[in-house]
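A.B. asks: Chains R and L are the protein sequences, given in the same order. Each residue of the first sequence is one higher than the last, beginning at 1 in the numbering used here. Each residue of the second sequence is one higher than the last, beginning at 1001 in the numbering used here.
It should be emphasised that the hints constitute simulated quantities derived from the structure, not laboratory data. As the structure is a prediction and not an experimental result, all values here were calculated from the model. Among the hints, erroneous ones may be present.
Stated by the list, open to error - If we take Cβ atoms under 7 Å as the criterion, some of the chain R residues that face chain L in the derived model are:
(1) N73
(2) R74
(3) R91
(4) D95
(5) P96
(6) V97
(7) A98
C-beta atoms are modelled at their ideal positions from N, C-alpha and C, and glycine is treated no differently.
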Amino acid sequence: MFARLPETGTKTILITIEGKRVTVRAGDSVAAALLAAGFDHCRTTPISGAPRAPYCMMGVCFDCLVTIDGIGNRQSCLVQVREGMSVELQRGKRDPVA
Amino acid sequence: MTQLAGKTDFDVAVIGGGLVGSALSLGLVRSGQRVVLLDEGDAAVRASRANFALVWVQSKGLGLPEYAGWTIRSSDSWGEFAAGLKSETGHDVGFERPGGFHLALSETELENRALQLKRLHNQPGIVSYKTEIVDRKRLEANLPGIGPEVVGGSYCPLDGHCNSLRLHRALHTALFNRDVQYLPSHRVEAIAYAAGEFKVRTTHRELRAGKVVIAAGNASMKLASMVGLDAPMKPNRGQIIVTERVQRFLGHPIVTIRQTDEGTVMIGDSLLDGTSPNEITMPVNSVMAARAIRMFPMLGRLNVVRTWSGIRVMTRDGFPIYDQSETCPGAFVVCCHSGVTLAANHALTLAPMIARGRLDAELVGAFSARRFDVCQAA
């Protein structure tokens, strides 16, 4: 769906998305990494359960929420990927205890 | 929208389209009255859009025992009221009555709470209240995740809560379905009584009605004086913190913390001077948040998404004012702090009295503004 600009570098790191090891580009936001890896949504809404994908990519719309290293409702467009990071899709409401 | 008819246009003009005015309007139209509902616009300072949505019994009535009985009556009618709205409009207003708690963070707070309840129970004529002091063990069983500093609290099985924004919407939908004339942006500027009817002048037009009901929150004071009524008000400000939506963890409303049906957590127990809803005193929010985290430590991990101020509708002594004018028969005033809790009474009990043209002294006589009259020296 998305093509890389040639000047974005080639260094890669490994993270886990939905329990699977995925190679992503260093420097990417988690939202960009999810889109590049082919995910067409990153969360489902708390009320109706409708799927949502990153929209604004600049911290405003809150549609890119995911669970990162066990903490829910993180804005994935504002977090850079890190070696070993674990990312889960945000399914409905955040678990307040996890 | 239908054309306004000539002659006396309506049986009753209700002034104020918030929770009080719209609940009364629904009860009036259900009683067969032709109702016009006059409201301000979207920018109005409106407690119906800034409240904590508790349907709350415990603590009510210290100083006026009849208020406890009136509150319990509404709490007991709320299920029927909500079911009626659901069947008329399809809107589920999220009413639940799982019982509510008041939490104490020290032995001193718990003792004060117990003394307060004792004073309440010791009043002559008080109805059975069912509120009891509960120990920490009991709290742990009902409120998983309470913090180590919570020593105990009080519990009342009659306490509940709802989604008050949806309640406001459901009431207006029901009024629309029943062809009540709703006139927004019609702030009332003058009310005149002559020859058995009321002329009500708004910012846009004048209309006539056989009866008039003032349900305009803190503005009721000014309007009531136009028809020989008295409604002394003393508004104040409260602040609310709202968290992100999370999975249900709180099965009971706490007087200062509740989880909404949609998952957000509302925190609020402030009482400040002032009547500007555009003001926020941040240090007060810090204290509210700190106390909430001591009650439920996991709240400290949640993101806050909003914080806002609301202006409380408050009569001078905190109790409802329900009154009818002696000099202008057919004029009523209805204002109170607890527009959510008392909505069931307003629709099911008070509105039929107004439709009949007379408040029932046995049920609501205690709420007349005559209580504010200074007693003449004997």
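A.B. asks: Report the numbers of all earlier hints that the structure fails to satisfy, in ascending order.
C.D. replies: 2, 3, 7
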